[in-house]
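Residue strings, one per chain:
Protein chains: 2
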Amino acid sequence: MQEGFLMGVTATYLFPTKPNQSEIAEQHALGLTIGSWTDIHHLEMEQLKKHKGEVVSIEKGETKDKVKIFYPSANVSADLPAIFTTVYGKLSFFEGYELIDLEFDQDLLSQFPGPRFGAKGIREQLNVYDRPLLKAIFKGIMGRDLSFFSAQLEDLLAGGIDLVKDDEILFENELTPFYKRITTAKEILDRHYEKTGNKVLYAVNLSGKTSTLSEKAERAQELGANCLLFNVHAYGLDALQSLRENHQINLPIVAHSALSGVLAGQAGGGFSYELLVGKLTRLVGGDLSLFPSPYGDKSKGNVTISKEEASAINRTLTEENGFEKTFSVPSAGIHPGLVPQLLKDFGDNLVVNAGGGIFGHPDGPISGAQAFRAAIDASVQHIPLSEAANTSEPLKRALEQWGEMTVS
Amino acid sequence: MQEGFLMGVTATYLFPTKPNQSEIAEQHALGLTIGSWTDIHHLEMEQLKKHKGEVVSIEKGETKDKVKIFYPSANVSADLPAIFTTVYGKLSFFEGYELIDLEFDQDLLSQFPGPRFGAKGIREQLNVYDRPLLKAIFKGIMGRDLSFFSAQLEDLLAGGIDLVKDDEILFENELTPFYKRITTAKEILDRHYEKTGNKVLYAVNLSGKTSTLSEKAERAQELGANCLLFNVHAYGLDALQSLRENHQINLPIVAHSALSGVLAGQAGGGFSYELLVGKLTRLVGGDLSLFPSPYGDKSKGNVTISKEEASAINRTLTEENGFEKTFSVPSAGIHPGLVPQLLKDFGDNLVVNAGGGIFGHPDGPISGAQAFRAAIDASVQHIPLSEAANTSEPLKRALEQWGEMTVS
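The listed protein sequences derive, respectively, from chains P and V.
Each residue of the first sequence is one higher than the last, beginning at 184 in the working numbering.
Each residue of the second sequence is one higher than the last, beginning at 184 in the working numbering.
Isolated chain P, as found in the complex:
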């Protein structure tokens, strides 16, 4: 084992079970590094040794074997495109080859930035420390103008949200242009702060061509944006890292998992969600990571992933690893009656994210947000929602609408 003295990346794969797996793995470890280890002169061997891939371990399984291969740092530059191309560029073409984890030596690890703010920094900005945060999603903005947008924002603020985000499919458009959304929101958020003392973050969707992102983000900040939404998997994790590493941009970034289903959600192949939406999203600098909750109802068009996948994402976003923690934002199908379950599954240092669960409230979005806040406060104090509903009409009405999920 070369890990002791060589620096590098260890990739963990699931390969379809084969009796001669060690031979296959060895072939890949060589093929993806120095190519061949035969017909090489003694002197060259010495030189090539520090570039040679190594099979670290093979754990046999019933349908898949867990294979770890170590790739020396000497072979890659310290960026994910190089690392991905090395460890999975070719292997991605092999049926049923999954890449489930990457481990970096301390030196490589230290070349990732991690979140600029993270959960801690976001809490400091909002001055909220003792409960999960409430985040809303603008709804039905497409085709509507800025007055519609403003009215929604006013309602959400009145209901007591902490953050609000654009729908990830709202791009540059004539009715609610990117820069206008920022300045319009800023005015409303500033007024709200003056009135209530509560700061609220608005994650505006940073979009457009890759080459324009940095400049747009800088301009957004100048205009008073206080948070960015970014469809990271439409650009690649390294594009998020570029934003994080641009010292002109001092804004928290909500990494949205749209499109990651292609990369991680396919039966039997691809990345693990844990690696892509969890560990690496944190390493490259996501302050919040938004991913499908395990509660969605597919028949209603909700996206959803398994509880195991969601928990693994949450774990890698928040476990101690020397970087700031990234806020978990499990999304889709969230209503107030679900909050105790959400906290049980993800802990209480998280962001409760809702769209339909706020706007679908029978008494409208103000009550919708209030119902969530009441549900959050009750859950933190371990008060059953049905009891809390006695002192919160919005929560009572929400529970009538959606019911209360029993904590399992």
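Wrong hints could be hidden among the right ones.
Put simply, identical chains are the same to the list, so a pair is met inside one copy or across any two.
Below, computed lysine-lysine pairings styled on DSSO-like, alpha-carbon distance capped at 27 Å [as the list claims (entries may be wrong)]:
1) 201 x 483
2) 382 x 249
3) 483 x 249
4) 249 x 481
5) 378 x 490
6) 233 x 322
7) 378 x 249
8) 232 x 363
9) 378 x 251
10) 508 x 243
11) 303 x 527
12) 508 x 363
13) 527 x 508
14) 508 x 490
15) 232 x 579
16) 303 x 579
17) 251 x 483
18) 481 x 363
19) 481 x 322
20) 527 x 579
Everything labelled a hint here was simulated from the structure, so no lab data went into it.
Model the placement of chain V on the given structure of chain P, informed by the hints.
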């Protein structure tokens, strides 16, 4: 049907067969655009109409239904990240939902650059019009120094190659640094040109962080690089488009398909290769598109895709569509005996790409390249290789080594 008067993108999907597919498709078409088409006032309906997604057609199949959904341009900006997020950001999470094609209205289409040079421009640069081109891959450079690199290049030139590329897993490194590879190769290529009058392109691997690519490409050009290799799927297609749209960079780009197996090669989900490695690689500006050949032997670690997939990629790279044609570069497992089959399957306006098929020649790489050139010349003239081998010792030896694939 709104296509008559509305501009936009039509996405073709395969959804798992369902009896109520039209209801499901309609739900998605709304969910991914204006959200809902009920409880909307008459006046708003007028306004929202031009943002509303439409189910264009549903073709029932045995296991999958082919569903076409139209998304108005009003909803997206003219860039692939916005388009992908809209048409597949959420749907990628649904099991078995494949995105197999995108069609753009003329206005959106005209906002893509297409190849700067394309097959035609590459042929003009090389002054070779009457045969497929021969492209080599440097072999085993990792861990070796510039003298090793130079010696390989000299051999390949002596053998008569037209292009040569870095291995896609060769990144910035101490032994053969990016800029040094360029200047070293330039000197050798210039000398070769003076001596023989033959220009040869060397595709150097443009790698590193997304934010550094443009500057590195510009500097590469200044130093005399004449072609770039780019692992487009490690960065996203839009990053390739950014390079193409940078008017400071006047170099042909070889788009490498590494990692596209994650996006397109998974059983039952993801993109089609045809769309990703074919149509879109051409639209964003790839001059050559390198993808797995259908001839690879997986047991030898070759990557491979089906003949149908490879043919579909080739078709979308080369069919008339107003853009320059992108050269097809089917790769892996190519040896001289395969050339007639290759031309039969892909036509003769293509690039024959070989690594092991050149370096594995029993008499070394010079003979390896010569064997390919002989095989190409014979194939173009419909002379059987066994006959051509009578006048080419390198080809004769190659056929002894690898055999001759019967054209089927």
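Hints, one by one, checked against the model:
1. 201 x 483: Close across copies (15 Å), not inside one copy (40 Å); limit 27 Å.
2. 382 x 249: neither (47 Å within a copy, 48 Å between copies)
3. 483 x 249: between (36 Å within a copy, 21 Å between copies)
4. 249 x 481: Between copies only: 20 Å across, 31 Å inside.
5. 378 x 490: For residue 378 and residue 490, the Cα distance exceeds 27 Å both inside one copy (41 Å) and across copies (66 Å).
6. 233 x 322: Between copies, since 18 Å is at most 27 Å while 54 Å is not.
7. 378 x 249: Answer is neither: 57 Å inside a copy and 54 Å across each miss the 27 Å cutoff.
8. 232 x 363: between (57 Å within a copy, 23 Å between copies)
9. 378 x 251: neither (56 Å within a copy, 50 Å between copies)
10. 508 x 243: Answer is neither; intra-copy 34 Å and inter-copy 47 Å both fail.
11. 303 x 527: The answer is within: 20 Å in one copy meets 27 Å, while 62 Å across copies does not.
12. 508 x 363: neither (32 Å within a copy, 41 Å between copies)
13. 527 x 508: within (19 Å within a copy, 56 Å between copies)
14. 508 x 490: Cα proximity of residue 508 and residue 490: one copy only (20 Å, versus 47 Å across).
15. 232 x 579: Intra 68 Å, inter 36 Å, cutoff 27 Å: neither.
16. 303 x 579: neither (32 Å within a copy, 70 Å between copies)
17. 251 x 483: Only across copies: residue 251 and residue 483 sit 20 Å apart there, 40 Å inside one copy, limit 27 Å.
18. 481 x 363: Neither: 35 Å inside a copy, 54 Å across copies.
19. 481 x 322: Result: close within a single copy only, 19 Å intra versus 49 Å inter.
20. 527 x 579: This pair counts as within: shortest intra-copy Cα distance 21 Å, inter-copy 71 Å.
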